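Taken in sequence, the protein lines are chains A and B. Residue 1 is where the first sequence starts when you use my numbering, and the numbers rise one by one after that. Residue 1 is where the second sequence starts when you use my numbering, and the numbers rise one by one after that.
Hints are not guaranteed to be accurate.
[Stated by the list, open to error] Covered stretches of chain B (chain A as the covering partner; in silico rule of three or more C-beta atoms under 8 Å from a C-beta of chain A):
| hint | segment |
| --- | --- |
| 1 | 115–128 |
| 2 | 252–263 |
[What the hints assert, rightly or not] Negatives, chain A to chain B, calculated, CB over 10 Å:
| hint | residue |
| --- | --- |
| 3 | 75 |
| 4 | 76 |
| 5 | 83 |
| 6 | 126 |
| 7 | 152 |
| 8 | 268 |
| 9 | 279 |
[What the hints assert, rightly or not] Some chain B residues judged to face chain A by a derived CB distance under 7 Å, without partners named:
| hint | residue |
| --- | --- |
| 10 | 73 |
| 11 | 74 |
| 12 | 141 |
| 13 | 143 |
| 14 | 144 |
| 15 | 146 |
| 16 | 147 |
| 17 | 151 |
| 18 | 155 |
| 19 | 159 |
| 20 | 192 |
| 21 | 194 |
| 22 | 276 |
Derived from the structure by calculation, the hints contain no laboratory data. Quick caveat, the model's predicted, so the values are computed rather than measured. Even for Gly, the Cβ is constructed at its ideal location relative to N, Cα and C.
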Amino acid sequence: MLTYTLRRLLMLIPVLLGMALIVFFIIHAIPGDPAQIILGQQATEENVEALNEQLGLNEPLYVQFFSYLGNILTGDLGESFQTNNAISEEVWPFLAATIELSFVAMLIAIVIGVNAGIISAWFQNSWFDYSAMLLALIGVSIPIFWLGLMEQWAFSVELNWLPSSGRENVRDPVEPITHLFLIDTLIQGRLDQFVDVVRHLILPSVALATIPMAIIARITRSSMLEVMKSDYIRTARAKGMRMFGVVYKHSLKNAVIPVLTIIGLQTGLLLGGAILTETIFSWPGIGRYIYGAIDARDYPVIQSGVLIVATMFIFINLIVDLLYAAVDPRIKYH
Amino acid sequence: MSQVAENQSPLQPSSQHDEVVSPWLDAWRKFRKNKLALFGAITVIFFIILGILSPWIAPQGINDQNMANTLQAPSSSHLLGTDDFGRDVLSRIIHGARISLWVGFLSVVGSIVMGCLLGILAGYYGRWVDTIISRLFDIMLAFPSILLAITIVAVLGPSLQNALIAIAIINVPNFGRLIRSKVLSVKQEEYIMAAKAIGMKDSRLLMKHILPNSISPIIVQGTLSIGTAIIEAAALGFLGLGAQPPQPEWGQMLAESKAYITTAPWTMIFPGLAIMLTVLGFNLMGDGLRDALDPKMKH
């Protein structure tokens, strides 16, 4: 297991290198002179030249790439053109906001999706099965940004139940420690703020959870149906084991592998969807950070932001792969 | 025709015509029985007709403004209401069908062409060509796709055309991998070896034998991808990175409607419904095609 983990980690290196290379070249394919763009139309030629020199943009591309790579390895993600701060220092609050949102969304998607799938398989062809699968079908076809807008309209504008934007009550801001506000408020024992943070989380996380929830429900159902046909399940039933135990203990254990795969993939997609959700709900996450940088043509931020999200995606999929072994002892790694 | 086939002795090869037609006919029969797939196909055809006939059937032109009539709720004169410029929402949705379907279709065709080229190169020539192309696909798939699209558009500049290009690029690996695996499996077949032995050229072999064998999975994947591509285009439009105002692209319309969420929710509800129905149609049709054409693909 340890050697397998190490080997998988080593195999990530070329992928990460390739990603850095692709992002680097996409960003450097931008037409026009970044220094000119930063300084604006009125800038003198000397100023543009000086900035180019300062940013290292006069070097050949491969030199720029390797110095960029060297910087990343030492934890230097460059400086934002807008704020002049080191990206590695200013990115964490944004990243934390996205992690909190994605984590809660994935939790909702897994708990509801897996259970809906199990119950649909258990009571196959019942009204529950039909309506759950119809909802799942609609769920995979819904544009997440539209769902977010509809939620806002229904629950914030019309019903006035939940706040429509942001992470916290602006009049009573959370004192950040980890920047994961659910944890921060609990550490400080501020239950009122905790409730407030939860209320802010509900709408965006449900919007973000919808697509993975629908897909997880469909996969769980088909995977469970397959397992429940097998002989040992019939034996368990014949021995007089209660249906609940058969479904949740014996079947689920064996049906979980495809579900795990899809959970890993969906978590990555979730990170993409987070960009859209964050835009709608003014959620100050990494998606907003990158999106704001696109507007301002802040290339170092775009470059490093995209790389951070993509790296997270890769590591999530790695963790899922490693989880297989924990769940299914039949899987042997060589 | 079936009677003829039955009367033939097993040694006599059945006619070429018979063999080519029957799998497609068989697939159509299976597809026709699948009610959800039929519903999907009808929805798709409905929106295609809407898009094609939009200049003639839309009650108003794309940008017919009426400042005396802004943000009107749905009524008999404006079935789906009007937007902030007094433009008829229904008309704009009908005109938008053309844009969304066009982007969805063209970008998927682009992905298929690029994916086929790379997939065939990788699968057929193997070795280092395969290694490079396959690793490239792995890396592209390692990005959340919308993020990659956003990055590409950020570089090319926001426009509908660039959104289309970005969407075509991010979907290339899906088709490339499909074709590559198909080429690899077909390459092992004895008839390919035979064709090679009699001196058939690579290009002819590819066009005559390998591509036709890959058509049904491409159709299935292509149909499902059009739905995804439409959502991706709308997402880029929504972020202001795709279609630009005053184009009536559905995602772009949603972006404009954000400001009127309290006063005119209909400007937001209906474009979104149009996206959802179109995508649902393509998804149902794609699922149905998969069951009909290639049952093994079902997971």
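To see whether the hints hold, each was checked on the structure:
no. : hint    : in the structure
1   : 115–128 : violated (count 0)
2   : 252–263 : holds (count 5)
3   : 75      : holds, 21 Å
4   : 76      : holds, 21 Å
5   : 83      : holds, 19 Å
6   : 126     : holds, 18 Å
7   : 152     : violated, 6 Å
8   : 268     : violated, 5 Å
9   : 279     : violated, 6 Å
10  : 73      : violated, 14 Å
11  : 74      : violated, 15 Å
12  : 141     : violated, 9 Å
13  : 143     : holds, 5 Å
14  : 144     : holds, 3 Å
15  : 146     : holds, 4 Å
16  : 147     : holds, 5 Å
17  : 151     : holds, 5 Å
18  : 155     : holds, 5 Å
19  : 159     : violated, 13 Å
20  : 192     : violated, 32 Å
21  : 194     : violated, 37 Å
22  : 276     : holds, 5 Å
When each numbered hint is compared with the structure, violations occur for hints 1, 7, 8, 9, 10, 11, 12, 19, 20, 21.
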